[in-house]
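The whole structure should be built from the sequences, with the hints applied where relevant.
So the protein lines, in turn, are chains A and B.
My numbering numbers the first residue of the first sequence as 51 and each following residue consecutively.
My numbering numbers the first residue of the second sequence as 50 and each following residue consecutively.
You can trust all of the hints, since none of them are fake.
Cut-off 25 angstroms, straight-line C-alpha distance, at most; resulting in silico cross-link-like pairs (BS3-like, lysine-lysine):
no., chain 1, residue 1, chain 2, residue 2
1, B, K132, A, K136
2, A, K136, B, K125
3, B, K86, A, K144
4, A, K90, B, K116
5, B, K81, A, K90
6, B, K125, A, K108
7, B, K141, A, K90
8, B, K64, B, K103
9, B, K81, A, K144
10, A, K97, A, K108
11, B, K128, A, K136
12, B, K116, A, K191
13, A, K191, A, K136
14, B, K103, A, K136
15, B, K116, A, K194
16, A, K97, A, K144
17, B, K116, A, K144
18, A, K136, B, K64
No lab work stands behind these hints: they were computed from the structure.
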Amino acid sequence: MQTRREMLAHSATVAGLLATAGLLPGTALAAWPQAAFDAKTMADAVKALGGGAPAESKEVSIIGPDIAENGAVVPVGCATTLAGVKKLLLLVEKNPSVLAAVFNLTDAVEPNVNARVKMGQSSNVYAVAIMGDGKVLYAQKEIKVTLGGCGG
Amino acid sequence: MADPMRIRAQAAGDKATVRVLMSHEMETGQRKDSAGKTIPAWFIQEVTATHNGKTVLTAEWGPSVAKNPFMQFNVKGAKAGDKIAINWVDNKGDKRTDEATVS
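What follows is the structure, given as structure tokens:
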């Protein structure tokens with residue numbers, strides 16, 4: 051027979067364990083697309099966000115260094131000349147979690163964002179634009195990293 | 050409570066360039082401490098930017114965004130004196146909002 055107090059203490063321990071294991075998000079963020087961040091390939095990440103098959107496009111550009119000395123801080127920008135962009139994504143192909151960031155754009159901002167990402171090793175970096183009409187366009191660039199930014 | 054963000058918003062023509070520097074550890078959940086134990090992931094998950102109270106950009110981030118994240122974007126139609134506010138929430142539920150005036 052388990053008392054209520056014991057049960058409460060027990061469930062608190064379990065919750066604590068889950069939290070430290072990173073299984074339990076601190077808050078229920080319904081909008082955060084867990085599936086997209088768990089994806090291992092660009093196509094899977096795009097699919098999890100509701101996009102179709104990605105196609106390479108010249109109208110999407112990715113800005114970044116050719117060689118990044120420190121993989122912990124790699125400045126990457128993505129931009130497009132097209133109108134009607136819904137989301138801009140930054141992905142690093144060889145990171146444990148491919149998807150780095152999703153930017154949901156509105157009409158009030160230009161489809162041009164910059165951020166800094168971590169890179170575990172030299173790999174391709176993708177800028178993906180998900181358009182309002184469901185089209186998915188991407189650009190890629192290989193960035194060489196001399197010092198990894200993940201793990202260690 | 051985390052340290053304040055540094056936000057700079059500069060008007061240029063009919064748009065304003067907003068640069069945000071957040072102060073956050075951004076632990077990936079991949080690293081191990083000296084005792085060989087995995088350091089739990091701790092990163093900013095959601096970022097919201099508002100211009101005079103109207104949401105103009107939201108972002109969802111994963112653990113591969115760099116430590117002390119930097120973000121830059123352009124807000125159309127923003128002019129000097131307008132308010133730009135940035136709000137983030139991390140995976141531990143910690144949050145912070147800071148506001149800047151376009152100059």
